[in-house]
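Peer 1: Fit chain B to the known structure of chain A by using the hints.
Protein chains: 2
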Amino acid sequence: MNDHKSFLEHGGDIYTEGKFKGIELIDFSSNINFLGVPKSFTNNVHKALEDIICYPDLKYREAKLHISEYLKAGIREENIILGNGAAEIINLSIRALKKPCIVVPSFSEYETTAKAYSKEIVFSYLNEDFSYNYNDIMERLKGCDGLVIGNPNNPNGGIINKESFEKIIYYCEEHKKKIIIDEAFIEFVEDENQSFVDKCSSFKCLFIIRAFTKFFAMPGIRLGYGVSLDIDFIESLSKLQIPWNINTFAEIAIKSVLKDQEYINASKDKHNIERQYFIEELKRFNFIDEIYETHANFQLLRSINITGEDMFNFCLSRGVLIRRCRNFRGLDDRFIRLAIKSREDNQKLLNIFKELEMQLIGGK
Amino acid sequence: MNDHKSFLEHGGDIYTEGKFKGIELIDFSSNINFLGVPKSFTNNVHKALEDIICYPDLKYREAKLHISEYLKAGIREENIILGNGAAEIINLSIRALKKPCIVVPSFSEYETTAKAYSKEIVFSYLNEDFSYNYNDIMERLKGCDGLVIGNPNNPNGGIINKESFEKIIYYCEEHKKKIIIDEAFIEFVEDENQSFVDKCSSFKCLFIIRAFTKFFAMPGIRLGYGVSLDIDFIESLSKLQIPWNINTFAEIAIKSVLKDQEYINASKDKHNIERQYFIEELKRFNFIDEIYETHANFQLLRSINITGEDMFNFCLSRGVLIRRCRNFRGLDDRFIRLAIKSREDNQKLLNIFKELEMQLIGGK
Numbered sequence: 613m614n615d616h617k618s619f620l621e622h623g624g625d626i627y628t629e630g631k632f633k634g635i636e637l638i639d640f641s642s643n644i645n646f647l648g649v650p651k652s653f654t655n656n657v658h659k660a661l662e663d664i665i666c667y668p669d670l671k672y673r674e675a676k677l678h679i680s681e682y683l684k685a686g687i688r689e690e691n692i693i694l695g696n697g698a699a700e701i702i703n704l705s706i707r708a709l710k711k712p713c714i715v716v717p718s719f720s721e722y723e724t725t726a727k728a729y730s731k732e733i734v735f736s737y738l739n740e741d742f743s744y745n746y747n748d749i750m751e752r753l754k755g756c757d758g759l760v761i762g763n764p765n766n767p768n769g770g771i772i773n774k775e776s777f778e779k780i781i782y783y784c785e786e787h788k789k790k791i792i793i794d795e796a797f798i799e800f801v802e803d804e805n806q807s808f809v810d811k812c813s814s815f816k817c818l819f820i821i822r823a824f825t826k827f828f829a830m831p832g833i834r835l836g837y838g839v840s841l842d843i844d845f846i847e848s849l850s851k852l853q854i855p856w857n858i859n860t861f862a863e864i865a866i867k868s869v870l871k872d873q874e875y876i877n878a879s880k881d882k883h884n885i886e887r888q889y890f891i892e893e894l895k896r897f898n899f900i901d902e903i904y905e906t907h908a909n910f911q912l913l914r915s916i917n918i919t920g921e922d923m924f925n926f927c928l929s930r931g932v933l934i935r936r937c938r939n940f941r942g943l944d945d946r947f948i949r950l951a952i953k954s955r956e957d958n959q960k961l962l963n964i965f966k967e968l969e970m971q972l973i974g975g976k
Numbered sequence: 613m614n615d616h617k618s619f620l621e622h623g624g625d626i627y628t629e630g631k632f633k634g635i636e637l638i639d640f641s642s643n644i645n646f647l648g649v650p651k652s653f654t655n656n657v658h659k660a661l662e663d664i665i666c667y668p669d670l671k672y673r674e675a676k677l678h679i680s681e682y683l684k685a686g687i688r689e690e691n692i693i694l695g696n697g698a699a700e701i702i703n704l705s706i707r708a709l710k711k712p713c714i715v716v717p718s719f720s721e722y723e724t725t726a727k728a729y730s731k732e733i734v735f736s737y738l739n740e741d742f743s744y745n746y747n748d749i750m751e752r753l754k755g756c757d758g759l760v761i762g763n764p765n766n767p768n769g770g771i772i773n774k775e776s777f778e779k780i781i782y783y784c785e786e787h788k789k790k791i792i793i794d795e796a797f798i799e800f801v802e803d804e805n806q807s808f809v810d811k812c813s814s815f816k817c818l819f820i821i822r823a824f825t826k827f828f829a830m831p832g833i834r835l836g837y838g839v840s841l842d843i844d845f846i847e848s849l850s851k852l853q854i855p856w857n858i859n860t861f862a863e864i865a866i867k868s869v870l871k872d873q874e875y876i877n878a879s880k881d882k883h884n885i886e887r888q889y890f891i892e893e894l895k896r897f898n899f900i901d902e903i904y905e906t907h908a909n910f911q912l913l914r915s916i917n918i919t920g921e922d923m924f925n926f927c928l929s930r931g932v933l934i935r936r937c938r939n940f941r942g943l944d945d946r947f948i949r950l951a952i953k954s955r956e957d958n959q960k961l962l963n964i965f966k967e968l969e970m971q972l973i974g975g976k
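Those protein sequences? They're chains A and B, same order as listed.
Using this note's numbering, the first residue of the first sequence is number 613, and each one after it goes up by one.
Using this note's numbering, the first residue of the second sequence is number 613, and each one after it goes up by one.
Just chain A, same shape as in the assembly (with noise of 0.2 Å):
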């Protein structure tokens, strides 16, 4: 998996061209909420200091009871594994299967994962407006253990239709296949019943997977987690866990945040607004062919007449990072994926493509 070090496979890469050059970039790269690390978090950081001291449970018990609280699904803390990050939950879960079909364009972690442990790999792509092609999905998952699936997808905040994928998960179901579906971003959609995790109670082939780090804006922290009705599969993904995966900080933030309604609240109600401003406003460049269909905090665009690689320098050059999009499968350097961020940071990131659209216009 060391293609993840590189620069081009992820956003938030702000070391490379910013902190280690000093300069302090606006990061439209990486999807984090823009109302920032909840200050339910930073409040009880003291405690953490308190049991540093200490090994973490080795169970995460307490942790766990408070996800299965916060999800109201019926979950219980056997069907729940933390994971440092939701990479690590990927990484398991991937690893599980013997011949995965991946969803693309999406995660590249996905792929990534399946090629480190050299996983024969079937791939269901998006159709052309990158909402998913469900029939195609079911006639590829014949060949395969399981599927792979964002939900919205990254990069392009779209979601399943529960009613459409009703006939995968009971096929599933019936043949003993695994559904993964990555849920990182589910929290900024505004329909709360577009998860899956409520038919984790019902369906043993359903294994979703949940991060701290978009929604609660803490991707330093590094905690994800899985869930799933099936507890033997949980219980083999642990088994190649290390002890202790999750240190004491990622610990108080489980306890800390999943009961702030006041943040979950607001960063629902502002992310909407703002991603009905961002859009509406970026539908006003020539240089923009496509503006897809979003649910997510982030927006992928094609661009016509300009290249991924002269946008993002163009931005670069004006102290924001964008994200490229031409490494993620069936992409190509048309495409850029835009964080949706403060009305001040947006508003920014206008005023430059205002820019770059008069040196356009201007033949330069």
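Misleading hints may appear alongside valid ones.
Treat identical chains as interchangeable: a pair holds within one or across any two.
Claimed, not checked - In the DMTMM-like style, the derived pairs of lysine to aspartate or glutamate whose C-alpha atoms are separated by at most 20 Å in a straight line are: (1) Lys-731 <-> Asp-901; (2) Lys-882 <-> Asp-957; (3) Lys-851 <-> Glu-689; (4) Lys-651 <-> Glu-662.
Hints in this document: simulated from the structure, not taken from any laboratory.
All of these numbers come straight from a predicted model, not from anything done at the bench.
Peer 2: Frame of chain A; chain B shown alone:
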């Protein structure tokens, strides 16, 4: 590796017997620097809170630079791999061997890891006085591709004699076998030259594991590292790691405590004093049959006329958790391990032992 999630496997489980029952225990079962969390870390936690909204540097460049400066052994960034606890480094390096020779009794994770990855294991047992059997190691290595050895070794605290070990290093270097030396407790050893990290700049076969857990009293931070001249080996291990395996608080710990010379010196001095005091006092008890030579911050004992279970329960009933050693390969329930703690705590334990001795004499 699920075995490690059981109570008996490790020290430091203050949850099952303590916290979950609302009891505050004095923990002599895990070997943590009794000076507590360095203030140099606590005072810098606010920096982690500022950084946590960003992903850590994928390559952890600054953190590795701090480690290379701390080691003062010509170790460069590319010779260092960071782990989510020394546990991750143990896991990765043992997975890299086909057939490890493990020196035992020792930290149970070596064997647990090797078994989890279906390795054939060869054991070299310590001598009866728990010194290393260098001839036996040499013989057994001939059928193996690597050695796993603690320095100091857990649970006894003995250290490797550098002169006696030299021919093993030359042999492994010539025959391309790996030597994994777990130096998680090395900073407690009075003579700094007992570490093999200085040999890393000369021998590619060496791979040294270090931890922040023990000496810097932060088991909750989950932080360890591995060092080797063999960059290809480091690369091959890092390919199996998930991205961003170290969280922001752990990064700040690296940048804070390694240059805290005041804490380092005070820790060494105070442990030397307490070790001598504790050993002298322990010699008074008739139910202690053997006290083994230690250079670390823990003491292995062999009991007589009482089992480890009875000692454990007696101490627990008086609010103290000690470490039974029957799950160490080669040991039985006569053996217990005690952390060396502050004078106040050590005296509390000694008083409990006095009470126990009275009961044993009284025939209760």
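Peer 1: Could you tell me which of the hints above the structure violates, numbers in ascending order?
Peer 2: Failing hint: just 1.
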